[in-house]
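Asks: Sequence:
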Amino acid sequence: MFDQDNVGAGILDICIQFIISFEFSWIFVYICLQNTYNVPSWFNSQKTWVQIVLLIVLFLSINELLFQLKLALDDDNSDMLIFRVVYYLYHILLLIAILGFRNFLLTTQENHQIGLENEQLKREQLKAQLEALQNQLNPHFLFNALNILNISIATNPDLAQRIVLDLSDILRYNLKVQNQSLILLKDELDAARAYLDLYKARFGGKLAFCFHDIETARNWYIIPLSLQILIENAIKHNVITSNQILMIDLRLNEQEKQITVSNSVNKKNSPGTGIGLQNLDKRYKIQTGQKPLLLEDEQHFTVKVPLIEAP
Numbered sequence: 011m012f013d014q015d016n017v018g019a020g021i022l023d024i025c026i027q028f029i030i031s032f033e034f035s036w037i038f039v040y041i042c043l044q045n046t047y048n049v050p051s052w053f054n055s056q057k058t059w060v061q062i063v064l065l066i067v068l069f070l071s072i073n074e075l076l077f078q079l080k081l082a083l084d085d086d087n088s089d090m091l092i093f094r095v096v097y098y099l100y101h102i103l104l105l106i107a108i109l110g111f112r113n114f115l116l117t118t119q120e121n122h123q124i125g126l127e128n129e130q131l132k133r134e135q136l137k138a139q140l141e142a143l144q145n146q147l148n149p150h151f152l153f154n155a156l157n158i159l160n161i162s163i164a165t166n167p168d169l170a171q172r173i174v175l176d177l178s179d180i181l182r183y184n185l186k187v188q189n190q191s192l193i194l195l196k197d198e199l200d201a202a203r204a205y206l207d208l209y210k211a212r213f214g215g216k217l218a219f220c221f222h223d224i225e226t227a228r229n230w231y232i233i234p235l236s237l238q239i240l241i242e243n244a245i246k247h248n249v250i251t252s253n254q255i256l257m258i259d260l261r262l263n264e265q266e267k268q269i270t271v272s273n274s275v276n277k278k279n280s281p282g283t284g285i286g287l288q289n290l291d292k293r294y295k296i297q298t299g300q301k302p303l304l305l306e307d308e309q310h311f312t313v314k315v316p317l318i319e320a321p
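Each residue of the sequence shown is one higher than the one before, counting from 11 in the working numbering.
Lysine-lysine pairs mimicking DSBU-like chemistry, simulated, CA-CA at most 30 Å apart:
hint : residue 1 : residue 2
1    : Lys301    : Lys267
2    : Lys295    : Lys314
3    : Lys246    : Lys278
4    : Lys186    : Lys292
5    : Lys267    : Lys186
6    : Lys246    : Lys301
7    : Lys292    : Lys277
8    : Lys196    : Lys132
9    : Lys132    : Lys186
10   : Lys301    : Lys314
11   : Lys277    : Lys246
12   : Lys301    : Lys132
13   : Lys295    : Lys186
14   : Lys210    : Lys196
15   : Lys186    : Lys246
16   : Lys132    : Lys246
17   : Lys132    : Lys267
18   : Lys267    : Lys314
19   : Lys267    : Lys295
20   : Lys277    : Lys216
21   : Lys295    : Lys277
22   : Lys314    : Lys292
23   : Lys292    : Lys246
24   : Lys314    : Lys132
25   : Lys246    : Lys267
26   : Lys301    : Lys57
27   : Lys295    : Lys132
28   : Lys267    : Lys210
Keep in mind the hints are simulated off the structure, nothing from the lab.
Build out the structure end to end from the sequences listed, making use of the hints.
Replies: As structure tokens, this is what we get:
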């Protein structure tokens with residue numbers, strides 16, 4: 011025969027333990043998981059060691075408080091030491107489960123964010139490559155190149171041959187980098203030189219450029235079309251006349267892991283949109299976590315582009 015009093019006491023004990031465990035779990039779930047997928051809570055924004063100390067202090071405080079409450083509600087307080095150990099171990103397991111679930115959510119969130127950034131990077135790369143290709147192959151660009159070529163065939167055959175080779179190099183390079191996220195710095199520099207040679211044929215002495223210390227034994231990488239975007243930006247937004255010569259300098263700095271593109275400033279009256287620079291900034295930030303550094307004064311506009319070591 012079952013003792014109804016014992017059965018009733020057992021059910022009451024289970025209910026009390028359930029309520030206590032629920033309150034314990036709810037407190038730590040709220041603290042650890044609050045705003046995990048939105049703005050981090052104060053707790054989640056703290057350093058790891060601070061979180062650990064706070065969890066230990068909070069765990070001991072809440073656990074002891076609930077333990078004393080359990081003793082006050084329970085008539086049978088025999089074997090208190092064993093009960094305390096079991097009680098603490100039970101809640102330690104609960105806390106480990108909560109922290110494990112928190113880490114699972116944070117890892118899932120991080121992987122999701124990485125996936126979004128990768129997709130954004132692909133879109134930005136495609137957009138930048140298409141924009142650069144359109145800039146180089148737009149009717150105005152081709153008209154100027156073919157017009158200079160047409161004149162040079164009769165007056166300067168050597169120049170005409172160089173123009174054809176430069177156009178060929180630019181087309182080949184753009185086809186090569188369409189599906190690449192990184193390119194060797196040497197290849198980018200060769201394409202940039204061909205690009206500048208074409209504009210040099212057009213502007214003559216009104217445009218000057220110089221490559222400083224670009225020889226290197228290391229295989230540095232760069233985001234494709236970075237240099238051409240900066241060169242195009244300098245030519246597009248500055249006045250180029252006999253009295254206002256545009257000077258473009260490229261300089262390699264291996265110690266600081268960057269290549270610098272600097273141009274003299276003779277700004278046109280119509281301001282540019284800055285889309286090319288914004289696009290380059292986004293691509294670098296997403297892919298490398300770094301950003302090109304822009305410096306400007308009355309005489310020079312300078313962009314320091316980060317170099318990437320072998321991927």
